[in-house]
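Here are the chains, one letter per residue:
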Amino acid sequence: MTDAAEVSTAHLLATESPIKRFFRATEIDTRLLGMVGAMLVIWVGFQIFGKLITGEGVFLTPRNLWNLLVQTSAIAVMSTGMVLIIVMRHIDLSVGSMLSFVGVLTGVAQVYWLAPWLGSDNPMIWVVGVAVALGAGAILGAFNGFLVAYAGIPSFIVTLGGLIVYNGAAWWVIRGETVAPMDSYFELIGGTPRASWIGSEASWALGGLVCLAIVVGIVLNRSARARFKFPQRPLWAEAFLILAGCAVTLGTVAVVNAYAWPPLIAERYAKEHNIPVPPGGLIYGHGFAIPVLIALGVGVAMTFLATRTRFGRYVYAIGGNPEAAELAGVNTRKITLLMFMTMGILVGISACITAARLDAASNSLGQFDELYVIAATVIGGTSLAGGVGTIYGALLGALVMQSLQSGMTLLNFDSAVKDVIVGSVLVFAVWIDQIYRRRQS
Amino acid sequence: MNAETKAPLVELKDVSIAFGGIKAVDHASIDLYPGEVVGLLGHNGAGKSTLIKVLSGAYKRDGGDIRINGEEAVINNPRDAKRYGIETIYQTLALADNVDAAANLFLGRELRTRWGTLDDVAMEAQARRVMGRLNPNFRRFKDPVKSLSGGQRQSVAIARAIHFNARILIMDEPTAALGPQETKQVGELIKQLKAEGIGIFLISHDIHDVFDLADRVAVMKNGQVVGSGPVTAMTKDEVLGMIILGKCPPGATPGPGAMAA
Ligand SMILES: Nc1ncnc2c1ncn2[C@@H]1O[C@H](COP(=O)(O)OP(=O)(O)O)[C@@H](O)[C@H]1O
Ligand SMILES: [Mg+2]
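Going down the list, the sequences are from chains A and B. For what it's worth, numbering that gives the first Met the number 0 labels the leading residue of the first sequence as 0, then goes sequentially. For what it's worth, numbering that gives the first Met the number 0 labels the leading residue of the second sequence as 0, then goes sequentially.
Heads up, a few of these hints could be off.
As the list claims (entries may be wrong) - For lysine to aspartate or glutamate, the following DMTMM-like pairs were computed, each having C-alpha atoms within a straight-line distance of at most 20 Å:
| hint | chain 1 | residue 1 | chain 2 | residue 2 |
| --- | --- | --- | --- | --- |
| 1 | A | Lys19 | B | Asp142 |
| 2 | A | Lys333 | A | Glu322 |
| 3 | B | Lys145 | A | Glu26 |
| 4 | B | Lys141 | A | Asp28 |
| 5 | B | Lys5 | B | Glu71 |
| 6 | B | Lys12 | B | Asp64 |
| 7 | B | Lys5 | B | Glu70 |
| 8 | A | Lys228 | B | Asp142 |
| 9 | A | Lys228 | B | Asp79 |
| 10 | B | Lys22 | B | Asp61 |
| 11 | B | Lys12 | B | Asp30 |
| 12 | B | Lys145 | A | Glu322 |
| 13 | B | Lys22 | B | Asp79 |
| 14 | B | Lys141 | A | Asp413 |
| 15 | B | Lys141 | A | Glu237 |
| 16 | A | Lys50 | A | Glu322 |
| 17 | B | Lys59 | A | Asp28 |
| 18 | A | Lys333 | B | Glu71 |
| 19 | A | Lys333 | B | Asp61 |
| 20 | B | Lys141 | B | Glu70 |
| 21 | B | Lys145 | A | Glu237 |
These aren't lab readings, by the way, just hints derived from the structure by calculation. Please read these numbers as outputs of a predicted model, since none were measured by experiment.
Construct all of the structure, not just a fragment, from the sequences and the given hints.
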C-alpha cells in the first residue's frame, strides 16, 4: 500500500525498540497489562503468604478461584454501569442501598405474594421476581436520572439523597426482618445450588464459541479496513491477539472445570441418575456458575453499548465536553436519564444475584456496595474527571478488589484490618495511575 | 449586491439577550443572502459570538425574530438549527477532546451499519476524505483530538461544519489557531463554498481577516450593531472607525449602536 500513514507507521516500527513496537502493533493497552500484572502479584502474594502462615497455599486453587469469580459477579455487574456514569462526569452513590431496596422488594414479592398465590415451586415465580427487580431498578434509576438531567441537581446530591432514601425504604418494607427462602429457581442465579453450575462440557463449548468470536471479530475488522484501504495491524500482531485471547479464555475454562463437585453431591447425583460409581469416585467439574455467566454477559453487552452504539458514543462525548455534545445536537439530558436508568437495571441484576446467593433478602443486602463498585471502577482506570474509562477495566478492577478481600478472608485477617488495607490499596492504585498517566503525556 | 431582490436567506431582527444584568446583544439585526459572505466585526466582548449562538440554537434569545428564506424559524436548540441547514464553527471549537477526529466529525449524526451499530470504518473513510481537503498532511485519525495541535483541531471543527451540506455557515474566528498557509486555505475554502451558493457569516475581531473575503460587513459594539454595508462602499479606516469609535460612515447603514452624529 502506498498510503502515507502506512509508510510513516512502518518507519516508526523500524526505529522503535522491539517492546514499543510490540505494543504499538498490537494496540494493547499497557495500563491494562499493568493491572493484570498487579492482580497476578496479589494472587501469587496471597498464595506464598498463605503457605508461610498456614503451611498451605489455598489461594491459587481452582476452588478458590471459582469462588472468587462468583463473589465478584454482583460488584462486576454494577461496575460496568458505574464506569459510564463516571465517564459522563456523574456519580451514583445510591447503588448499594438501591440494591438493598430492590432485593427486599423481589424477596417480599416471591415469599409473601407469589408463593402463596401461585404455589411455591411455580416456575413463574422466578420470572416475576426477576422482572420486579429489573423494573424497580429501572424506575429508581430513571428517577435519579430525571433529577440529575432535568431538574439540574448535581448527581452527587441526588444519589447521596438516594442512598439514604432507599435505605430507609428497604427498612420500611421489612423492618429489619429477613425474608427467606427465595424461590428455588431464582436461587440458581446466585450460583450456590448444584443446578447453577453448567458443568465441564458446556463450559468448554462456551469457551470454544468465545475463541471463535475472537477470530471472527478480528477477521471482520481486517476485511472492513481492507475495503477502505486503511492501514492494518501486522499479521503477527493479529495472530498474537488471537492466541492470547484464546489462551485466556480456555485457561479460565480449564480452571473452573478443575474444581470438582463436592463428593457428597456427586454421589447423590450418581444415585439419582443410576450412574455406577467407579472406584476412584466420580469427578464432575463445576464449570461456570450462572452468576459468573451473567456478569460476563453483562460485560459483553455493556462493552457493545459503550463502543458500538450511538448511545455509548454520546456518553463518552458528553464526558469529554458536555457543551460540545449539546452543540453538536446530542440530547444530553435524555442520554443522562437513560444512563442512570441503565445503572438502575444493572443494580436490579446484582440484587437478584446477591439475594439468590444468600437465599434471603434483608436490609443488610448491598451494604457498602456503592463504595466497592466505585473503587472497582476507579482501580479499573476510570478517570473521575470524566471522559475516560473502559468496561473491561472495571471488570478487572472488580476482580482485583474481590481478590484482596477473599485473600485476606482466607488468611483470617481481622475485618478491621481488611478495611484499612482495601481503602489504602484504592488510594495507592489511583496514585500509581496518576503517575503513569503523567508519564504518558 | 446581486440578490437583494430575493428574500434574505437569514434575517435576524431585533435580537436581544442578556446574561444577568449584562445586555450581551441588544436589538441587533443582520441579514445574509445566498452565496454571500457577511463579515461580523467588533472588539472582543462586543457580542458577536453571542449573537450567532442565538442563530445556531446554543442560546435562547430574550426577544427578536429569526427568519429563514423569509419565513419565521423556530430554533430552540442546536438540533433545530441544523435542521435548517445552519452549521457552526464555534470560537471554542466545541470538540469532545477524548474521542477521535471521525467521532467528532459525525457527533450527533453518526453513520450506522444496517444493524444500527456505529459504522466506524465508513466514518473514518469520510473523515479521511474531508480532512484531506482541508489539511492534507493530517494522519492522526486514531488519536483523541486532545492530542492534536491547535491547527489540526481547528481543521476538525471546520470539517464538521462543511461536511453536512450546510446552507448557512457560521464561522466564529475560524482561523485563530491556524498558520498563514492554513489560513490561506480556509480563505480558498470560503470562496469555494460561496460559489456553491452557501451563505456565510464570518466573524472576527481582526478586520484584515475579513475585508478581502466579505461582500458586506456588519460591526458590533457593546452588544449593538453600529452599522453595516458593502465593503466596496467603505475603506478599511472607516470600518476601523466603526469598530473603535462606533462612528458610522456614509457608505454604511447605521444601526442602533451608531454614535450620534
Ligand atoms: N454564557 C455567558 N454568560 C454570561 N455572560 C456572557 C456569556 N457569554 C457571553 N457573555 C458576555 O457577553 C458579552 C459578549 O460576549 P461575546 O459574544 O463572547 O463577544 P465577542 O464574541 O464579540 O467577543 C461579554 O461581555 C461576555 O462577557
Ligand atoms: Mg467571540
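### Query
Is it true that the CA of lysine 141/B sits at most 20 Å from the CA of aspartate 413/A?
Violated, at roughly 48 Å.
### Query
Is the Cα-Cα distance between lysine 145/B and glutamate 26/A 20 Å or less?
Since the Cα atoms of lysine 145/B and glutamate 26/A sit roughly 19 Å apart, the hinted pair holds (cutoff 20 Å).
### Query
Does lysine 333/A pair with glutamate 322/A here, judged by a C-alpha cut-off of 20 Å?
Between lysine 333/A and glutamate 322/A the Cα gap is close to 14 Å, so the pair holds against 20 Å.
### Query
Between lysine 228/A and aspartate 79/B, is the straight-line Cα distance small enough, at 20 Å or below?
violated, 36 Å
### Task
Verify the proposed pairing of lysine 19/A with aspartate 142/B, using a straight-line Cα cut of 20 Å.
holds, 17 Å
### Message
Check whether the Cα positions of lysine 5/B and glutamate 70/B lie no farther apart than 20 Å.
### Response
holds, 13 Å
### Query
Hey, lysine 141/B versus glutamate 237/A, does the alpha-carbon distance stay inside 20 Å?
holds, 18 Å
### Message
Check whether the Cα positions of lysine 141/B and glutamate 70/B lie no farther apart than 20 Å.
### Response
violated, 43 Å
### Query
Within a Cα-Cα threshold of 20 Å, do lysine 333/A and glutamate 71/B meet the stated pairing?
violated, 28 Å
### Task
Please work out if lysine 22/B and aspartate 61/B have their alpha carbons no farther apart than 20 Å.
Holds - the C-alpha atoms of aspartate 61/B and lysine 22/B are around 10 Å apart, at most 20 Å.
### Query
Is the Cα-Cα distance between lysine 145/B and glutamate 322/A 20 Å or less?
holds, 16 Å
### Message
Between the alpha carbons of lysine 22/B and aspartate 79/B, is the straight-line distance 20 Å or under?
### Response
Violated: lysine 22/B and aspartate 79/B sit about 25 Å apart, past 20 Å.
Checked against the numbered hints listed earlier, the structure breaks hints 9, 13, 14, 16, 17, 18, 19, 20 and 21; every other hint is satisfied.
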